[in-house]
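Build out the structure end to end from the sequences listed, making use of the hints.
Protein chains: 2
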Amino acid sequence: MREEVLTMGKRARQAAHHMAKVGDVHKRKALEHMALNIEGAEAAIREANDKDIRAAVAKGLPAAKVDRLRLDAKVLEEMACGLKEVARLSDPVGEITRMWTRPNGLRVGRMRIPLGVIGIIYESRPNVTVDAAALCIKAGNAVILRGGSEAFHSNRCLADILRRSLVETGLPEDAVQLVGTTDREAVLDLLKLEECIDVMIPRGGEDLIRFVAENARMPVLKHYKGVCHVFVDDEADPDMAMRICMNAKVQRPGVCNAMETLLVHAGIAQRFLPPMAEAFRAAGVELRGCERTRRIVADCAQAVEEDWYAEYLDLILAIRVVNDMEEAIEHITRYGSQHTEAIVTGNFERAHRFLQEVQSSLVLVNASTRFNDGFQLGLGAEIGISTSRLHAFGPMGVEELTTTKFIALGNGQLRS
Amino acid sequence: MREEVLTMGKRARQAAHHMAKVGDVHKRKALEHMALNIEGAEAAIREANDKDIRAAVAKGLPAAKVDRLRLDAKVLEEMACGLKEVARLSDPVGEITRMWTRPNGLRVGRMRIPLGVIGIIYESRPNVTVDAAALCIKAGNAVILRGGSEAFHSNRCLADILRRSLVETGLPEDAVQLVGTTDREAVLDLLKLEECIDVMIPRGGEDLIRFVAENARMPVLKHYKGVCHVFVDDEADPDMAMRICMNAKVQRPGVCNAMETLLVHAGIAQRFLPPMAEAFRAAGVELRGCERTRRIVADCAQAVEEDWYAEYLDLILAIRVVNDMEEAIEHITRYGSQHTEAIVTGNFERAHRFLQEVQSSLVLVNASTRFNDGFQLGLGAEIGISTSRLHAFGPMGVEELTTTKFIALGNGQLRS
Numbered sequence: 077m078r079e080e081v082l083t084m085g086k087r088a089r090q091a092a093h094h095m096a097k098v099g100d101v102h103k104r105k106a107l108e109h110m111a112l113n114i115e116g117a118e119a120a121i122r123e124a125n126d127k128d129i130r131a132a133v134a135k136g137l138p139a140a141k142v143d144r145l146r147l148d149a150k151v152l153e154e155m156a157c158g159l160k161e162v163a164r165l166s167d168p169v170g171e172i173t174r175m176w177t178r179p180n181g182l183r184v185g186r187m188r189i190p191l192g193v194i195g196i197i198y199e200s201r202p203n204v205t206v207d208a209a210a211l212c213i214k215a216g217n218a219v220i221l222r223g224g225s226e227a228f229h230s231n232r233c234l235a236d237i238l239r240r241s242l243v244e245t246g247l248p249e250d251a252v253q254l255v256g257t258t259d260r261e262a263v264l265d266l267l268k269l270e271e272c273i274d275v276m277i278p279r280g281g282e283d284l285i286r287f288v289a290e291n292a293r294m295p296v297l298k299h300y301k302g303v304c305h306v307f308v309d310d311e312a313d314p315d316m317a318m319r320i321c322m323n324a325k326v327q328r329p330g331v332c333n334a335m336e337t338l339l340v341h342a343g344i345a346q347r348f349l350p351p352m353a354e355a356f357r358a359a360g361v362e363l364r365g366c367e368r369t370r371r372i373v374a375d376c377a378q379a380v381e382e383d384w385y386a387e388y389l390d391l392i393l394a395i396r397v398v399n400d401m402e403e404a405i406e407h408i409t410r411y412g413s414q415h416t417e418a419i420v421t422g423n424f425e426r427a428h429r430f431l432q433e434v435q436s437s438l439v440l441v442n443a444s445t446r447f448n449d450g451f452q453l454g455l456g457a458e459i460g461i462s463t464s465r466l467h468a469f470g471p472m473g474v475e476e477l478t479t480t481k482f483i484a485l486g487n488g489q490l491r492s
Numbered sequence: 077m078r079e080e081v082l083t084m085g086k087r088a089r090q091a092a093h094h095m096a097k098v099g100d101v102h103k104r105k106a107l108e109h110m111a112l113n114i115e116g117a118e119a120a121i122r123e124a125n126d127k128d129i130r131a132a133v134a135k136g137l138p139a140a141k142v143d144r145l146r147l148d149a150k151v152l153e154e155m156a157c158g159l160k161e162v163a164r165l166s167d168p169v170g171e172i173t174r175m176w177t178r179p180n181g182l183r184v185g186r187m188r189i190p191l192g193v194i195g196i197i198y199e200s201r202p203n204v205t206v207d208a209a210a211l212c213i214k215a216g217n218a219v220i221l222r223g224g225s226e227a228f229h230s231n232r233c234l235a236d237i238l239r240r241s242l243v244e245t246g247l248p249e250d251a252v253q254l255v256g257t258t259d260r261e262a263v264l265d266l267l268k269l270e271e272c273i274d275v276m277i278p279r280g281g282e283d284l285i286r287f288v289a290e291n292a293r294m295p296v297l298k299h300y301k302g303v304c305h306v307f308v309d310d311e312a313d314p315d316m317a318m319r320i321c322m323n324a325k326v327q328r329p330g331v332c333n334a335m336e337t338l339l340v341h342a343g344i345a346q347r348f349l350p351p352m353a354e355a356f357r358a359a360g361v362e363l364r365g366c367e368r369t370r371r372i373v374a375d376c377a378q379a380v381e382e383d384w385y386a387e388y389l390d391l392i393l394a395i396r397v398v399n400d401m402e403e404a405i406e407h408i409t410r411y412g413s414q415h416t417e418a419i420v421t422g423n424f425e426r427a428h429r430f431l432q433e434v435q436s437s438l439v440l441v442n443a444s445t446r447f448n449d450g451f452q453l454g455l456g457a458e459i460g461i462s463t464s465r466l467h468a469f470g471p472m473g474v475e476e477l478t479t480t481k482f483i484a485l486g487n488g489q490l491r492s
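Chains as they are written, first to last, in the working numbering: chain U, 77 to 492; chain V, 77 to 492.
Check before you lean on any hint, since a few could be wrong.
Pairs count within a copy or across copies, as identical chains cannot be separated in the list.
Pairs of lysine-lysine, DSBU-like flavour, derived with a Cα cap of 30 Å [to be verified]:
(1) Lys-160 / Lys-127
(2) Lys-97 / Lys-160
(3) Lys-301 / Lys-86
(4) Lys-301 / Lys-97
Keep in mind that the hints were calculated from the coordinates and are not lab data.
Everything numeric in this text was worked out from a predicted model, so none of it was measured.
Shown next as structure tokens:
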């Protein structure tokens with residue numbers, strides 16, 4: 077296996093050298109061609125997908141998991157649309173982000189270039205195969221994909237279509253490669269290929285991400301959990317605060333940017349919490365409050381220390397009443413995951429300070445935490461959300477799949 | 077030990093929360109105060125330094141190594157000047173690098189924030205203690221320093237002065253901490269502190285850097301070797317090319333941005349190489365050439381495969397004659413270290429293509445490779461040169477010790 081993975085790595089490196097020089101017109105054509113080929117291969121894709129589905133059912137996988145594997149007509153159409161959208165994004169490669177002149181006349185600048193070879197290790201959903209590859213290609217990279225065993229046939233079929241599309245548009249097929257086995261050994265081999273893979277992006281459960289982070293020799297862009305907070309200040313518009321909290325908790329509770337803990341200023345708690353709690357209960361949300369919350373909200377369960385750390389990903393909410401914004405920020409700093417926090421307030425000074433002092437990947441004023449997403453923030457697409465601070469912090473779009481090199485234009489400058 | 081390192085990590089995290097909120101006036105004052113305190117403590121510093129020097133001599137360290145340990149009046153003055161220069165750099169923290177408005181009216185931007193806690197593991201030179209700490213502080217971070225055993229007393233004395241200066245200017249002393257022992261166990265413990273240290277920067281020999289890269293759980297900003305190339309095109313001005321090559325090789329041969337391999341276009345080799353070789357020999361440079369070079373340059377040694385990979389860090393130069401720029405770029409891609417490459421040419425098209433296609437941390441046209449340095453490129457100061465592509469590629473200044481978070485300003489936006 078080691079040998080096979082090494083060969084893939086070397087091929088990826090070669091392909092990356094080629095891809096770095098490809099112009100945007102050519103990359104757009106390839107991505108649009110991928111979309112056409114996926115639309116044209118619906119029967120073959122669904123046949124491969126059926127194999128995975130049948131195996132998953134036979135293995136006794138829970139229905140929700142089986143469902144996430146399914147490539148029906150709607151998912152395939154979304155895939156093709158996604159490819160066309162990525163094709164239309166503006167090309168980050170070659171952009172000169174800044175340029176300045178030194179006293180000796182040397183003109184120095186920074187130019188955006190692809191990262192090189194990107195490794196993506198993911199579980200379950202086969203659409204990642206297409207979405208992730210598209211973004212890597214757009215940014216001029218080569219990609220090595222290693223999907224989960226449950227989606228093996230689907231991933232294989234999709235990767236073959238992407239590779240064929242590259243060849244048909246005159247690009248190197250090895251710009252997209254899928255690891256041919258699903259055993260864990262292959263993952264370990266990949267994680268040691270620091271000379272061939274410039275960055276590894278794990279996508280999946282916390283176990284997978286920790287495994288990758290602990291074993292990778294190359295840099296890892298990773299996303300642990302999202303314990304997101306909304307702080308309702310005493311100068312908040314209560315109606316706006318209720319709408320934002322409801323949206324942040326209920327609109328899609330199973331995702332990383334959903335609110336998990338609500339912090340309420342003591343000055344508004346008496347007014348705000350009773351109707352808010354009623355609305356949450358009507359929406360089926362289980363509430364777990366601090367002592368002060370329980371004095372205001374009848375029949376609220378007692379929150380224990382673990383609740384403040386919890387990423388429920390479910391219709392459960394922890395609630396705490398705090399004396400002021402300082403206490404709210406302290407709570408966020410202590411228990412939060414640096415993912416997404418929002419303040420609802422009409423007070424300029426506090427909005428300003430919350431924005432400055434809360435060090436999460438997205439900090440919002442008067443808007444729902446659910447906006448922490450590449451599409452929603454205007455990046456066009458995303459390959460994940462980084463909660464570590466190096467290179468990228470927050471949603472990663474096509475630009476985060478590039479880096480910058482320095483360039484210098486001289487007329488004979490020497491160092492003295 | 078594990079316990080002591082963990083305590084340092086937690087203190088650093090606390091200090092980092094504080095430092096992130098400190099305004100630039102305050103940070104400047106602290107850095108200028110450090111400079112004053114170093115100037116005022118010359119006797120104590122030299123006393124501590126003498127202990128290290130005596131131990132190094134007793135241990136039989138080579139004279140060059142002993143010399144690098146020495147903190148004489150000149151080095152101390154440079155340290156103080158460095159502190160004042162860093163104090164005057166513009167503060168990157170809080171800068172909003174971009175802002176845009178989404179169709180729903182949400183205003184989204186990116187704001188520069190400190191990285192948090194930075195770990196620096198270094199060898200030998202005690203001035204790193206001061207230079208590195210200053211840059212970390214300026215960028216609003218806390219830093220944990222782990223210096224080499226040879227400079228133990230010097231580092232301890234300097235770190236104490238920095239910590240005292242922080243306290244005297246009302247900042248948390250734990251923004252600068254020095255690991256109190258020099259055993260390797262402590263390094264391993266540090267490398268596992270991913271929850272407390274956001275990034276690790278190793279500075280020293282290749283062994284140290286590999287050890288850190290292989291064992292760190294947090295991201296690492298690292299610098300392997302610099303196998304730097306100059307390509308002399310057939311449309312180069314021969315005099316300019318000679319001056320640039322001489323500067324790149326001879327001005328300071330022992331550093332990472334010195335030229336190690338010279339690539340010469342076949343169309344200019346007959347004219348260019350004989351006087352160039354003569355000039356190199358006059359400067360004491362040993363030449364190792366390819367077959368074609370040896371046909372032009374008398375008494376040139378034969379370069380073998382390893383020479384193309386070599387970082388000599390000495391007055392030795394590998395020379396290869398290539399048919400065209402494509403062959404030069406292929407050579408650089410195959411044997412280079414992505415550090416620094418220069419082209420000397422009067423041809424616009426080739427200059428343009430070389431700039432685009434060579435993927436090194438600094439690519440120059442008509443200037444010496446020796447400019448790959450934070451001061452020379454105008455970053456004000458540097459904490460090292462990164463040859464890996466994530467987060468930073470090339471010299472790292474104060475801005476590279478920050479990251480950006482997303483901010484969003486709304487008036488009640490919800491996700492639908």
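### Query
Broken hints, numbered, in rising order?
none
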